[in-house]
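Each chain, letter by letter, is given below.
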Amino acid sequence: DAGVIQSPRHEVTEMGQEVTLRCKPISGHNSLFWYRQTMMRGLELLIYFNNNVPIDDSGMPEDRFSAKMPNASFSTLKIQPSEPRDSAVYFCASSPGLGRSFGSGTRLTVV
Amino acid sequence: DQQVKQNSPSLSVQEGRISILNCDYTNSMFDYFLWYKKYPAEGPTFLISISSIKDKNEDGRFTVFLNKSAKHLSLHIVPSQPGDSAVYFCAASGRTGNQFYFGTGTSLTVIP
Numbered sequence: 069d070a071g072v073i074q075s076p077r078h079e080v081t082e083m084g085q086e087v088t089l090r091c092k093p094i095s096g097h098n099s100l101f102w103y104r105q106t107m108m109r110g111l112e113l114l115i116y117f118n119n120n121v122p123i124d125d126s127g128m129p130e131d132r133f134s135a136k137m138p139n140a141s142f143s144t145l146k147i148q149p150s151e152p153r154d155s156a157v158y159f160c161a162s163s164p165g166l167g168r169s170f171g172s173g174t175r176l177t178v179v
Numbered sequence: 011d012q013q014v015k016q017n018s019p020s021l022s023v024q025e026g027r028i029s030i031l032n033c034d035y036t037n038s039m040f041d042y043f044l045w046y047k048k049y050p051a052e053g054p055t056f057l058i059s060i061s062s063i064k065d066k067n068e069d070g071r072f073t074v075f076l077n078k079s080a081k082h083l084s085l086h087i088v089p090s091q092p093g094d095s096a097v098y099f100c101a102a103s104g105r106t107g108n109q110f111y112f113g114t115g116t117s118l119t120v121i122p
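Sequence lines, in order, name chains A and B. So in my numbering, spot 90 of the first sequence is number 158, and the numbers just go up one at a time. So in my numbering, spot 96 of the second sequence is number 106, and the numbers just go up one at a time.
It is possible that some hints are incorrect.
Calculated Cβ distances over 10 angstroms to all of chain A for the following chain B residues [claimed, not checked]:
#1 21
#2 51
#3 52
Pairwise CB distance ranges, derived in the manner of DEER restraints [to be verified]:
#4 B/93 to A/118: 29 to 37 angstroms
#5 B/52 to A/179: 20 to 28 angstroms
#6 B/21 to A/106: 35 to 43 angstroms
#7 B/13 to A/152: 35 to 43 angstroms
#8 A/165 to B/86: 22 to 30 angstroms
#9 A/86 to B/20: 17 to 25 angstroms
#10 B/41 to A/125: 21 to 29 angstroms
#11 A/129 to B/20: 20 to 28 angstroms
Since the hints were made in silico from the structure, they are not lab data. From the three backbone atoms N, C-alpha and C, an ideal C-beta is built for every residue, glycine too.
Work out the full structure: start from the sequences and follow the hints.
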């Protein structure tokens, strides 16, 4: 099993640009989570999907953030327009129930 | 507001000694607690967990203690090894496990 796969590993973009982060969960896992890691708040849950349906997006910081899961094997997190304060490491995780399997993360830098 | 708090951002320990990482939580409805370990440039990986019906769970060199009355848990690593150097995240959830609340992490350095 390849684990949770995220791309890109690093993204540097200019303020105002659109950024799309991608995630492929572990096959058979029915829940998918997007987290953001910052020094001040640790790992924050942004949104999670169950069976491809968004269940809780209360952690999404602003309307500039959106997430989709068009099928069981793919999800995207989009930031449009991006701002410097969005700079962080974004993790995707999947789960068959309890527990989480995390991807290696995308380090986003908005300049 | 942080429902799970790790008040020590960093900890240094000599190889062979005990490492104790602490975590406090505010929600008495939490009943499942986990520790994750994270190396640089990698995602967090599951280390050990404990259910609220227990006060101790042991796995090799790693032991997690839960004090429900104090809303406090701790991770003990004995003996500490240089390969244990990583960031450790504490997490808590309710019965459904859908919502995990993570702490801000403690960076452990084990000095050879």
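Cross-check of the supplied hints:
no.	hint	result
1	21	holds (16 angstroms)
2	51	violated (7 angstroms)
3	52	violated (5 angstroms)
4	B/93 to A/118: 29 to 37 angstroms	holds (36 angstroms)
5	B/52 to A/179: 20 to 28 angstroms	holds (25 angstroms)
6	B/21 to A/106: 35 to 43 angstroms	violated (20 angstroms)
7	B/13 to A/152: 35 to 43 angstroms	violated (28 angstroms)
8	A/165 to B/86: 22 to 30 angstroms	holds (27 angstroms)
9	A/86 to B/20: 17 to 25 angstroms	violated (36 angstroms)
10	B/41 to A/125: 21 to 29 angstroms	holds (25 angstroms)
11	A/129 to B/20: 20 to 28 angstroms	holds (27 angstroms)
Checked against the numbered hints given earlier, the structure breaks hints 2, 3, 6, 7, 9 and satisfies all the rest.
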